[in-house]
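Enquirer: What follows is each chain in one-letter form.
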Amino acid sequence: MSETNDVRCADVVELITDYLEGALPSEQRARVEAHLAGCDGCSTVLDQFRQTIRLTGKLREDQLTEPQRSTLLHAFRNWSSGTLLA
Amino acid sequence: MAVDRRASDEDLALVARLRAGDEEAFMELVERLQPAMLRVARMYVATQAVAEEVVQDAWLGVLQGIERFEGRASLRTWVFRILVNIAKTRGQREGRSVAFSAIAGDDLDRPTWDPSSFLGPEEQWAGHWSTLPFDWRGAPEDRLEGVETLGVIRGALDGLPPMQAEVLRLRDALGWSSDEVRNALDISETNQRVLLHRARAKVRAAIEDYLGSGIAR
Numbered sequence: 001m002s003e004t005n006d007v008r009c010a011d012v013v014e015l016i017t018d019y020l021e022g023a024l025p026s027e028q029r030a031r032v033e034a035h036l037a038g039c040d041g042c043s044t045v046l047d048q049f050r051q052t053i054r055l056t057g058k059l060r061e062d063q064l065t066e067p068q069r070s071t072l073l074h075a076f077r078n079w080s081s082g083t084l085l086a
Numbered sequence: 001m002a003v004d005r006r007a008s009d010e011d012l013a014l015v016a017r018l019r020a021g022d023e024e025a026f027m028e029l030v031e032r033l034q035p036a037m038l039r040v041a042r043m044y045v046a047t048q049a050v051a052e053e054v055v056q057d058a059w060l061g062v063l064q065g066i067e068r069f070e071g072r073a074s075l076r077t078w079v080f081r082i083l084v085n086i087a088k089t090r091g092q093r094e095g096r097s098v099a100f101s102a103i104a105g106d107d108l109d110r111p112t113w114d115p116s117s118f119l120g121p122e123e124q125w126a127g128h129w130s131t132l133p134f135d136w137r138g139a140p141e142d143r144l145e146g147v148e149t150l151g152v153i154r155g156a157l158d159g160l161p162p163m164q165a166e167v168l169r170l171r172d173a174l175g176w177s178s179d180e181v182r183n184a185l186d187i188s189e190t191n192q193r194v195l196l197h198r199a200r201a202k203v204r205a206a207i208e209d210y211l212g213s214g215i216a217r
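Each protein sequence line maps, in turn, to chains H and Z. Our numbering applies: residue 1 is where the first sequence begins, and numbers increase by one. Our numbering applies: residue 1 is where the second sequence begins, and numbers increase by one.
Keep in mind that the hints were calculated from the coordinates and are not lab data. Check before you lean on any hint, since a few could be wrong.
Pair ranges (Cβ atoms, derived) [stated by the list, open to error]: (1) 49(Z) x 59(H): 24 to 34 Å; (2) 97(Z) x 83(H): 29 to 39 Å; (3) 29(H) x 23(Z): 18 to 28 Å; (4) 27(Z) x 30(H): 48 to 58 Å; (5) 67(H) x 67(Z): 27 to 37 Å; (6) 89(Z) x 77(H): 49 to 59 Å; (7) 71(H) x 65(Z): 56 to 66 Å.
Every residue gets a Cβ at the ideal spot worked out from N, C-alpha and C, and that includes glycine.
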């Protein structure tokens, strides 16, 4: 448990994204960092957020269906023949 | 106010190809953006079929406007601005005005973490951990890195309010910047962060549940 009593764990877990986004004012950022350095629970949570972000990065988007693809290709050909001839 | 990332050289090259009528360039962009566009359109209109129409209209808008693209935002942000405008207009025309809380969630001002994990106000260490969070480093590595974890993440995303899920997908799955996301989805910088935090917190909790099941804590 941290000795920097002015920052509570309950607050730090809600500031993790702001911290990772670099969105905290510098003084608050320093207090959060000091807390993280001394608090196993909160540094575990920070690590788990980083893992969560990394794992989410492995998600892949769905492929287009063939009808979706051909509809848009058709629309593009209509557009380009109209535009480029004009 | 932060400035949106300007169009990259890659964006400008793609735009030049579109203007020249290069259909491969167009289909490349479609493949990349269409799945997210469909999800975003669906937030504002009543059915998947209407969302498909909105996305098609958005692509026509993109083609018709491509000559006017100035590169002040990234190409994908610009495409989503067109999409969101069309989706909102279409939703309103159908008498379906969507409250922000309906798509963003009504839990934005509540803690993401179970308050009972922390010591109560009467304790000397109020607000500090009463029970340390489950340390999933104790779980087997292949369980965390396995393909099933991705299924757990997808399942968690399906259970989130759509705007929370989409902010997370755009940021963490597709690698958009925070400025791109807030401009694309027409939300404030603060809301972008709040939605992202809630979504990450819920996905983290889902991974914890998955890794924790069957393991002695």
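Enquirer: Output the indices of the hints that this structure fails to meet, ascending.
Expert: Of the numbered hints given earlier, those the structure breaks are 3, 6, 7, listed in rising order.
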